[in-house]
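Participant: Line by line, the protein sequences are chains A and B. Each number in the working numbering comes from the position in the first sequence (counting from 1) with 2 added on. Each number in the working numbering comes from the position in the second sequence (counting from 1) with 758 added on.
Please keep in mind that the hints were generated in silico from the structure rather than gathered at the bench. Careful: at least some of the hints might be erroneous.
Keeping only pairs whose Cα atoms sit at most 16 Å apart, straight-line, the calculated EDC-like set for lysine to aspartate or glutamate is [said to hold, decoys possible]:
{"#": "1", "chain 1": "B", "residue 1": "K881", "chain 2": "B", "residue 2": "D891"}
{"#": "2", "chain 1": "B", "residue 1": "K814", "chain 2": "A", "residue 2": "D394"}
{"#": "3", "chain 1": "A", "residue 1": "K4", "chain 2": "B", "residue 2": "D813"}
{"#": "4", "chain 1": "B", "residue 1": "K855", "chain 2": "A", "residue 2": "E305"}
{"#": "5", "chain 1": "B", "residue 1": "K785", "chain 2": "B", "residue 2": "D979"}
{"#": "6", "chain 1": "B", "residue 1": "K875", "chain 2": "A", "residue 2": "E7"}
{"#": "7", "chain 1": "B", "residue 1": "K873", "chain 2": "A", "residue 2": "E7"}
{"#": "8", "chain 1": "B", "residue 1": "K814", "chain 2": "A", "residue 2": "E7"}
{"#": "9", "chain 1": "B", "residue 1": "K874", "chain 2": "A", "residue 2": "E7"}
{"#": "10", "chain 1": "A", "residue 1": "K392", "chain 2": "B", "residue 2": "D813"}
{"#": "11", "chain 1": "B", "residue 1": "K933", "chain 2": "B", "residue 2": "D891"}
Chain residues, written in single-letter form:
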Amino acid sequence: MKIFELISIAFSSITSNKMRSLLTMLGLIIGISSVVTILAIGDGSANSIEDNLSSLGLNTISISYERNVDIAPNEEFSEKDISLIGDNFSDQIISVYPSYSGNGIIVGDIDDTSLTLNGVDENVGVIEDLTLLSGRNIMSFDLEDRRKVIMIDDTTAINLFGTVQAAGEKLLITSGRTTNQFLIVGVYESQEESLGFSTSTGYIPYTTADNVLNKNSNFSSITVAINEGEDVEAIGDDIVSLIEQTHRNIGEGKYRNFSLASQIDMVSDVLGQITLLVSAIAGISLIVGGIGVMNIMLVSVTERTREIGIRKALGAKRADILIQFLIEAVTICIIGGLIGVGFGAGFTSIAENLMGTPMSISLTSVLLATSFSTGIGIIFGVYPANKASKLDPIEALRYE
Amino acid sequence: MIQIQTLKKHYGLNETLVKAVDDIDIKVKAGEYVSIIGPSGSGKSTLMNILGCLDKPTSGLYNLDNNETSTLSNNALADIRNNKIGFVFQSFNLLPKLTALQNVELPLIYTGISKKKRIEMAKSVLDKVGLTDRYDHKPSELSGGQKQRVAVARALVNNPAIILADEPTGNLDSKSTSDILNLFDELHKDGATIIIVTHEDDVAAHTERTILIKDGKIAEDRRKQ
């Protein structure tokens, strides 16, 4: 119960010196607001980069040859590898197929339009996270029969036919020296432009792609689509070792796996470290602010020597005085911290508008800021408070 | 009420040894009205500090209201100051930012009494010293005599065993001085135990017993008939 009295004493002493208290808090306000803002910007950028990258397909691994390595004929990828991966990882993966892709040109009446032709299988809708606007996905019989069917994006459909209802229409596509007629089976919604890529992609059965792109069943990489929630990197490594086993070149490092997931992890790691570093630098201002608090508390103890003497004469114990001054220091720091969080929220929304990336201050950073400022209050308040509590009442009463 | 035996307070060592209080025995009964007088440097302030439990004696015994204080810890002494002693100082020693009422409440905060009860008790003692209309005035808005009356109210609020007044009229004009002394007289009539330290004979004349201190020893202890 006495603690509430001591808190109210501390409050009235802070409010009776408003200007001084505010200036004391300033260091903490600056420190906390910059740390909070930096953390929010860091989180926001990391999230937006992750969003951008994940729209490119987070759950696919591409297995390919290591660069600058000689690959003997018996070390090349074959259909056997595909079926082996399919058999061994049937629980973890959705699809596995050879990667065929190439450029195609849609032969038009007036202008030719270029697009990327991507060989896919019947799971294209899930793997590429497509939203169908009309028609259907590629299906297994398209693959078996090597049908010349294609899924195009809505922008291309509208450019060519003026509508997204283009399923059933036919397209002439030139690739290399050959031109083939394709049946449009589906139109999908093109994803938002991510990281500046905005080429249109046509999805065709990979079996068809083999023919159309003249690959003669030679492929230099394998696409593996992983189930949601699996550890993409671990599976990638497992597949590489499986392939090494079958080609009897374990440990020679001839194959590698590449996934966006691992890239995202790397980017987030780097971004996280940068954020931490900058916050640490901003955190230095918190220490400076803390020293400011200590300084003012020491002045306050000297100024109020007589008050301390009177309180002790009237029955205040050492602990009462200690707690009174400690609460005062902590209160200054917490108020400063909260004001700092407020400013941080303001700066964050300014940064949000400038950078056009959604960001918000997290509860964690608010809790971190408040507990940090409480800590500063205690650390830098203990010395002056202890000094006050040790004053001899007789000396203190005599103090002018 | 108060029993002091062979009380000594020495400062320094060997050649620089100062015997501020040297072998003093005093007994004060409940309800006594005592003044301690003596020239400056006589040791009366040191004696006062020990009586007020602000200082500890070098040796000797000091029993206050059945508490042997010479062996108590600092915290226990703080409790004694809080519960048993009411101080009145020469320079009032009110907290300038608090109102009269809040100043009087102060000792009760450290006793741990609830806010509501505190205000009630503080108002009642302020009424007793005649400051009913000054509850919310700050010390700067009060005259010297009124300030000292607030201080007396603060000394009374915990219903102490003794009231210790250290030159209570030293900073007051003659009118306020007689006001305050009359207030002490009244308190005495109501049964309070009062010890006033002073160097003014007029003040000492109000009391029933006067103890003269010289060079740390009792030079005279006379009672009014």
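Participant: Hints first: check each against the structure and report whether it holds.
Facilitator: Verification of the hints:
1. In summary, the hint linking K881 of chain B to D891 of chain B is supported, as the alpha carbons are separated by about 10 Å, within the 16 Å threshold.
2. Straight-line distance between C-alpha atoms of K814 of chain B and D394 of chain A comes to about 12 Å, which keeps the hinted pair within the 16 Å bound.
3. A C-alpha spacing of about 26 Å is found between K4 of chain A and D813 of chain B, which places the hinted pair above 16 Å, so the restraint is violated.
4. Distance hint between K855 of chain B and E305 of chain A is fulfilled; the C-alpha atoms sit about 13 Å from each other, no more than 16 Å.
5. Pair hint K785 of chain B plus D979 of chain B holds up; C-alpha atoms about 11 Å apart against a cutoff of 16 Å.
6. Distance hint between K875 of chain B and E7 of chain A is fulfilled; the C-alpha atoms sit about 14 Å from each other, no more than 16 Å.
7. Pair hint K873 of chain B plus E7 of chain A holds up; C-alpha atoms about 9 Å apart against a cutoff of 16 Å.
8. Between K814 of chain B and E7 of chain A, the direct Cα distance comes to roughly 29 Å. Violation of the 16 Å bound is thereby established for this hinted pair.
9. Taking the CA atoms of K874 of chain B and E7 of chain A, the gap is near 13 Å; set against the 16 Å cutoff, the hint holds.
10. Using a Cα cut-off of 16 Å, the hinted pair K392 of chain A and D813 of chain B holds, with the two alpha carbons roughly 14 Å apart.
11. Proposed proximity of K933 of chain B and D891 of chain B is contradicted: the alpha carbons are some 20 Å apart, above 16 Å.
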